[in-house]
Amino acid sequence: MTEADSSALMARHPAVFNRPLMERLRGFLVAAGIGLYLVFAWWLFAIGQVVSGGNWDIAGTYLADWVSYEVRPNIDFEDNALAISFPRFSPLGDDPRPEWLVTETALVESRSSAAGEAAGQGGGATSGEGFLGALGGKPADSSPAERPQESFLGPVGGQAPASESAPGQPAIQPAAATREVVVRADVSLGGENRILIEPGRVAVTRGDETLVLDVERNVSVTPQGDLPEWASQRAPGAKVIVRFGFAGRAEIEDDEVKVRRRFLGWENFVFDTRSSYWGKPASEVLGLVAFGERIEPARSNLALAWDNIVNNADWQHGDVWLKLLQTIVMAFAGTVLASLLAFPLAFAAARNITPNRFANQALKRFFDFLRSVDMLIWALFFTRAFGPGPLAGISAIFFTDTGTFGKLYSEALENIDDKQREGVRSVGASPASVQRFGVVPQVLPVFLSQSLYFWESNTRSATIIGAVGAGGIGLKLWEAMRTNQDWENVAYMVILILIVVFVFDNISTMLRQRLIGRQAG
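With the first letter of the sequence shown counted as 1, position 358 gets the number 358 in our numbering; the numbers rise by one all the way through.
Mixed in with the good hints there might be a few duds.
[What the hints assert, rightly or not] BS3-like mimics (lysine-lysine), calculated; alpha carbons at most 25 Å apart, straight line:
{"id": "1", "residue 1": "K239", "residue 2": "K258"}
{"id": "2", "residue 1": "K407", "residue 2": "K419"}
{"id": "3", "residue 1": "K364", "residue 2": "K407"}
[To be verified] Distance windows between CB atoms, simulated:
{"id": "4", "residue 1": "D505", "residue 2": "P344", "range": "23 to 33 Å"}
{"id": "5", "residue 1": "D505", "residue 2": "A46", "range": "31 to 41 Å"}
{"id": "6", "residue 1": "T178", "residue 2": "L92", "range": "24 to 34 Å"}
Quick caveat, the hints were computed from the structure, so don't treat them as lab data.
Backbone N, C-alpha and C define an ideal beta-carbon position, used for all residues, glycine too.
Taking the hints into account, I'd like the entire structure generated from these sequences.
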């Protein structure tokens, strides 16, 4: 192209080659404005400070709780002994004996005067204990620092020793008895991670590092040396928290050690600890259900297994499924009722259908009012009016969607093709027939498509409004989150909600494609 041709081309298209300065800088100014806005928002909301000050350890623990569970033994310090206990509803059952918690026991001799002989003699009963040694003849460790001190517990309440007697009274011979006590607990948290607990001393090993803590009962916890990065203590003498990553953590206090041992998976998901099938492998359960003798004479093993699954105390499958069904019914009933009411009102609100300006504006403002109040606010209002339950959720969806459908339907009616309506009117049809055959066939697929979309969307919304008392699985989800411990139950319900939304979304898409065509769908 010659210079003359270029000049001629530029002369013919001055808007392309000689754009104004502001038009040329428009893209840069828009990008600069967006950048300045983001900087302003970062400063206004202190995003950097919030991110840096966030407690990411707790957030990581919550995420881990979604896919795992904890076993929580407590080891209490007693006089030269340890007492191990588990929570009432332990995932290991009523008598937990985990392989990763190994104890060493010893025999302690107790001496006390017979209650019957002491009664009426004026002298109080006395007792004493002496450490005899490791149970089963196992010798105690040779290191004095790691061996329970052998001591005689003195008389109770300042009474005279049992071998002595008051003047003029016959000597009361003490009755000797032995009892078994735990003197050491070894908790394994996988690999080289372990906690060795003895009266007055706790040794924590993580990898190749070992932290030794001296515990003065009901007084203080004192570390020997500096704390490693995986241990923390807020104040001298206070409890020490040690962390083992996903494997768990422990809190060493002056009166007990709280161990939190984590395992991957959902505990007792099918059968809880009360079930006759609990702890049995799947093959044995199937064998009992199909061929085994009846565990309960009143019903079959299959009926018993199903009852145990539905009424699982830990996961409450039956209640969760019922609440999920309530959520689906809430979304369906609210959407259908809103569609039925909005359909005739939309004809009165459309200017080309009802040529009454007052009626048009009144109905459109009514629709604006209904949809301007959020569904969550309507749910709070109806919860106070009707009490907690699905009725409040249905009413909230009904009110909100009536306003939304009324606006969408009336706008669709105002954009119809009048030729079909005029054709029906030209053959002498009545006004009702004109709307029935000239208008409804045009808008009905659109109306149904919008209703189907909102039905699928309201399934999600019903979960949210359920959390404020409107019933359904949302309330169940909120109750599980409030405990701050049952995050695996939260994950279970979230997965159920995702499955329902996925199924309903596909059903809604398929029906919309059939109604208004694949391309429009």
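Do the hints match the structure? See the list:
Restraint check for K239 and K258: satisfied, since their Cα atoms lie roughly 11 Å apart, inside the 25 Å limit. The straight-line distance between the Cα atoms of K407 and K419 is roughly 23 Å, inside the 25 Å bound, and the hint therefore holds. At roughly 7 Å between alpha-carbon atoms, K364 and K407 fall within 25 Å of each other, so this suggested pair holds. For the pair D505 and P344, the supplied restraint of 23 to 33 Å holds, since their beta-carbon distance comes to about 29 Å.
The hinted range of 31 to 41 Å is satisfied by D505 and A46, whose Cβ atoms lie roughly 38 Å apart. For the pair T178 and L92, the beta carbons lie near 29 Å from each other, so the given range of 24 to 34 Å is met.
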